[in-house]
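K.L.:
When we follow our numbering, the leftmost residue of the sequence shown carries the number 1, and every step to the right adds one.
Keep in mind the hints are simulated off the structure, nothing from the lab. Don't take every hint at face value.
As the list claims (entries may be wrong) - Have a look at the derived ranges for each label pair, beta carbon to beta carbon:
{"#": "1", "residue 1": "V482", "residue 2": "G334", "range": "52 to 62 Å"}
{"#": "2", "residue 1": "R232", "residue 2": "K453", "range": "41 to 51 Å"}
{"#": "3", "residue 1": "I484", "residue 2": "G258", "range": "29 to 39 Å"}
{"#": "4", "residue 1": "G258", "residue 2": "D487", "range": "47 to 57 Å"}
We put the beta carbon where it would ideally sit given N, CA and C, even for glycine.
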Amino acid sequence: MHRTAKWLLISFLLAFLFSRTASAGVDLDLWHELALAKEVLLTGHVPWEDHFAYTPKLDIVVHHEWGAGVIALLMTKAFGPGGLLVVKFSLIFGLAGVCWNTSRRRGASALATGLVAGLAIVLGDYSFATVRAQMYSYLLTGFLLWGFDRDRAGDRRWLVGLFLLFPLWVNLHGGCLVGAGLLGAHWLEQLLRRQPHRHLLIAGLSLIPLAILNPWGWHYHAYLARAIAMPRPRIAEWAPLWTEGEVHHLLAFVVSVGLLWLVLRDGRWRQMPGILLLVATGLAGVKSNRFLAFYAIVYASYLPGLLSHIELGKDLRRWWWKYQRAFCGVLAIGALLLLGKGLLSEPWRLRVPSHLETPDANHLIYPVGAVNYLSAQQFRGNVFVPYDWGSYVMWKLGPEVQISFDSRYEVAYPAWRLEEDYLFFEARDGWEPILTKYPTDLVLVPVRMAVTKKLAAVAGWQPVYRDSQFAMFSRDGINLPVIISDDDPPEGQYP
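Produce the entire structure from the sequences given, and follow the hints as far as they go.
P.N.:
See the structure below:
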């Protein structure tokens, strides 16, 4: 019965993870990654300058996610949309396997690992879209934590893997900086515990020149320094957990801190290698939603071993053994229900949503109808477009169509461009001169934005397209047919 119970627990957790990540809507950053990857494959090199926007840009554009874009494009070309889904679920379940393995090797019971893993899934589910480049950072973080445990055991062979994988990490996602920070925290903890640590300091310092193995050389370091210090008051995922976090994330974080407090109260912190990493990622997750997934990874890997040895963990095991048959029934039914819930999301179908199905829905949609319209007209020119939608226009219509802005933000544009973009689309004082400051042919805007009504009254501009979600205005002299409708546009197609 014990073996059956363990596998039912694992099945339940996999079904829970699947149900939380099954939705397959394309992430907005994927589009600009694909656009750059296409340029790389066509030209045979990674460009230093931007070729997609007509507004002010940085002199050197360090696109730290370029490798993730190349993988996505190659998988799409080879296997179609299904190739991207293979990448997504391989990263998600690969990470789950690494965290489970690390936890069990630290002496955690299957029950404690399962309980903490369920909490970690809730904490990190926000970050597993289709497919975000940071998902590579999550998987590599899981491997890094495993390496730290090998280091504590006196095995230094893990450093070979670090030196081989770190340049890959650098070219997949800027989250390599998180990896370097975790290595620093591990070194500091080993120093404070009076454990061997000098090799870690040398390894950490070695990562600085090792990171030069990228298309931009030392400019990559300058980009990271600028990006990490840049304020992002308008970007929700960079906001503190208490201001922009979902309610279930806040609750899960409070519960996670409560469990950690029980461990610390029991005095187990002295026997908890990795406590500094857990505290550091927890503080980072509170300060910024974007780092909450890293906290979830460290938490799922490190806490179960300690929970297993405090009184609560022992009580849970006693209850588990006493009511094991009942728990097995609950787990089996729960796994089937969660699997069904995940399948209802049609995870095999990659979605490019074009409209909100209900007025209160909050998922991201794309200007599919407007882009299809411009494609049919074989339009060439400049389009002024908000932050969330520039990358979609870039991929679908570039390079013949140049955009004003997109979600690359600090990668390609000066920091002040974001506030300028919001000033225009919120129609605040001084919005209208931007039309002449950055001469454009069209303005693409969601119908709900304030500037939509005001543009209709500006001399020299007229509406040429409208559907239930987006409107488009052209300046005088642009010869485009007028299509005005309140109908929902068709769902988009990937790629």
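K.L.:
A separate judgement is required for each hint: does it hold in the structure or not?
P.N.:
Hints, one by one, checked against the model:
Taken as a hint, the range 52 to 62 Å holds for the pair V482 and G334, whose Cβ atoms sit roughly 54 Å apart. Between R232 and K453 the Cβ separation comes to about 29 Å, which falls outside the hinted range of 41 to 51 Å. Under the hint 29 to 39 Å, the C-beta atoms of I484 and G258, about 55 Å apart, miss the expected range. At about 50 Å, the CB distance of G258 to D487 agrees with the hint of 47 to 57 Å.
Checked against the numbered hints listed earlier, the structure breaks hints 2, 3; every other hint is satisfied.
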